[in-house]
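Letter by letter, the sequence shown follows residues -27 to -1, 1 to 157 of mature numbering (1 follows the signal peptide of the UniProt record, and there is no 0).
If you are wondering where the hints come from, they were derived from the structure by calculation, not from laboratory data. Take these hints with a grain of salt, some might be off.
What the hints assert, rightly or not - Here are the simulated SDA-like cross-link-like pairs (lysine to any residue), alpha carbons at most 25 Å apart as the crow flies:
1) 138 x 117
2) 87 x 106
3) 87 x 65
4) 87 x 13
5) 138 x 38
6) 138 x 44
7) 138 x 74
8) 138 x 107
9) 87 x 22
10) 138 x 154
11) 138 x 67
12) 87 x 67
13) 87 x 157
14) 87 x 138
15) 138 x 155
16) 87 x 25
17) 138 x 13
18) 138 x 65
19) 138 x 63
20) 138 x 43
21) 87 x 100
22) 87 x 133
23) 138 x 47
24) 87 x 48
25) 87 x 130
26) 138 x 89
27) 87 x 114
28) 138 x 153
29) 138 x 119
30) 138 x 76
31) 87 x 61
32) 87 x 40
33) 87 x 32
34) 87 x 55
35) 138 x 96
36) 87 x 145
37) 87 x 45
38) 138 x 40
39) 138 x 100
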Amino acid sequence: MRKFTAAVALTTAALALAAGSAGTASAAPVPAQRPGQHLTLHSWTLLSDHGPGPTPGERLTAQVSARTIDGRAQGHVVVQHVFETSGTVRAEFDVDCLAVDANGAVTVTGPISKTVITPLGGEPYLFEEGLHPEAGLTFYPTDEQHQRRAGWSRTDPDLHTEVVKCGAVPASLWVLDGGTFLRR
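Put together the whole structure using the sequences plus the hints.
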């Protein structure tokens, strides 16, 4: 029974991770780059969805390696949420857009290639196998309160959310550690 309860809790967490924020993404930003310009983004960040401090018993991270060459984006993103008492949810997507808006927010979008759930003490399994909704991750510049924010979401028709290719995702997370490096 304990394993079943943990699996239910982990699946609920997977839905939350896969769904991201409940808001709808804003319109696509105008990429702040010239035709032929190359962009490279590398990021590893420790995130929190509960506020600007760490969340006991959880570890949420995002890892990004993306680039554009002559306007064509490629790369890979991994968003992983580890729950000490129930297991791990890992969503991965391939980058189809890397954009920087006029305010300096950096967005990567792309279709989710897989979401893997690993219950504590159990075997990993694919969640929503065969589905490839659009996902997005946006890193925002430091705000007036000196906090770094990020937005993460995926298209989910059940929650009426939509991620638009190249569209910024509203800030829903706090960046606690790590860094995001953009080279033009």
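Quick rundown of the hints versus the structure:
A C-alpha spacing of about 28 Å is found between residue 138 and residue 117, which places the hinted pair above 25 Å, so the restraint is violated. For the suggested pair residue 87 and residue 106, the alpha carbons sit about 10 Å apart, so the restraint of at most 25 Å is met. Restraint check: the Cα-Cα separation between residue 87 and residue 65 comes to about 6 Å, which is no more than 25 Å; the hinted pair holds. For the suggested pair residue 87 and residue 13, the alpha carbons sit about 24 Å apart, so the restraint of at most 25 Å is met.
For a cut-off of 25 Å, the pair hint linking residue 138 to residue 38 stands: about 17 Å separates their Cα positions. Taken as a hint, the residue 138 and residue 44 pair is honoured in the structure, with Cα atoms around 14 Å apart against an allowance of 25 Å. The straight-line distance between the Cα atoms of residue 138 and residue 74 is roughly 14 Å, inside the 25 Å bound, and the hint therefore holds. The suggested pairing of residue 138 with residue 107 holds, with an alpha-carbon distance near 7 Å, which does not exceed 25 Å.
About 22 Å separates the Cα atoms of residue 87 and residue 22, which keeps this hinted pair within 25 Å; it holds. Between residue 138 and residue 154, the direct Cα distance comes to roughly 21 Å. Compliance with the 25 Å bound is thereby established for this hinted pair. Restraint check for residue 138 and residue 67: the C-alpha separation of about 12 Å stays at or below 25 Å, so the hint holds. Between residue 87 and residue 67 the CA atoms are separated by roughly 10 Å; this keeps the pair inside 25 Å, and the hint holds.
About 30 Å separates the Cα atoms of residue 87 and residue 157, which puts this hinted pair outside 25 Å; it is violated. Simply put, residue 87 and residue 138 have alpha-carbon atoms about 18 Å apart, close enough for the 25 Å limit, and the pair holds. Pair hint residue 138 plus residue 155 holds up; C-alpha atoms about 19 Å apart against a cutoff of 25 Å. Simply put, residue 87 and residue 25 have alpha-carbon atoms about 29 Å apart, too far for the 25 Å limit, and the pair is violated.
Between residue 138 and residue 13 the CA atoms are separated by roughly 18 Å; this keeps the pair inside 25 Å, and the hint holds. Using a Cα cut-off of 25 Å, the hinted pair residue 138 and residue 65 holds, with the two alpha carbons roughly 16 Å apart. Proximity of residue 138 to residue 63 is assessed by CA-CA distance (about 21 Å); at most 25 Å being required, the pair is judged to hold. Taken as a hint, the residue 138 and residue 43 pair is honoured in the structure, with Cα atoms around 18 Å apart against an allowance of 25 Å.
Distance check on the hinted pair: residue 87 and residue 100 sit about 7 Å apart at the alpha-carbon level, within 25 Å; holds. Simply put, residue 87 and residue 133 have alpha-carbon atoms about 21 Å apart, close enough for the 25 Å limit, and the pair holds. A distance of roughly 13 Å separates the Cα atoms of residue 138 and residue 47; the hinted pair therefore holds under the 25 Å criterion. Note on residue 87 and residue 48: the hinted pairing holds, with a Cα-Cα distance of about 15 Å set against a maximum of 25 Å.
Simply put, residue 87 and residue 130 have alpha-carbon atoms about 18 Å apart, close enough for the 25 Å limit, and the pair holds. Between residue 138 and residue 89 the alpha-carbon distance is near 23 Å, which keeps this suggested pair within the 25 Å criterion. Between residue 87 and residue 114, the direct Cα distance comes to roughly 29 Å. Violation of the 25 Å bound is thereby established for this hinted pair. Under the criterion of a C-alpha separation no larger than 25 Å, the hint pairing residue 138 with residue 153 is consistent with the structure, at around 20 Å.
Restraint check for residue 138 and residue 119: the C-alpha separation of about 29 Å exceeds 25 Å, so the hint is violated. For the hint linking residue 138 to residue 76, the alpha-carbon distance of about 18 Å falls within 25 Å, and the restraint holds. About 14 Å separates the Cα atoms of residue 87 and residue 61, which keeps this hinted pair within 25 Å; it holds. Proposed proximity of residue 87 and residue 40 is supported: the alpha carbons are some 21 Å apart, at most 25 Å.
Simply put, residue 87 and residue 32 have alpha-carbon atoms about 20 Å apart, close enough for the 25 Å limit, and the pair holds. Straight-line distance between C-alpha atoms of residue 87 and residue 55 comes to about 16 Å, which keeps the hinted pair within the 25 Å bound. Proximity of residue 138 to residue 96 is assessed by CA-CA distance (about 33 Å); at most 25 Å being required, the pair is judged violated. About 22 Å separates the Cα atoms of residue 87 and residue 145, which keeps this hinted pair within 25 Å; it holds.
Distance restraint check for residue 87 and residue 45: the Cα-Cα separation of roughly 22 Å lies within the 25 Å cut-off, and the hinted pair is therefore satisfied. With a C-alpha separation of about 15 Å, the suggested pair residue 138 and residue 40 falls inside the 25 Å cut-off, and the hint holds. In summary, the hint linking residue 138 to residue 100 is supported, as the alpha carbons are separated by about 22 Å, within the 25 Å threshold.
Checked against the numbered hints listed earlier, the structure breaks hints 1, 13, 16, 27, 29, 35; every other hint is satisfied.
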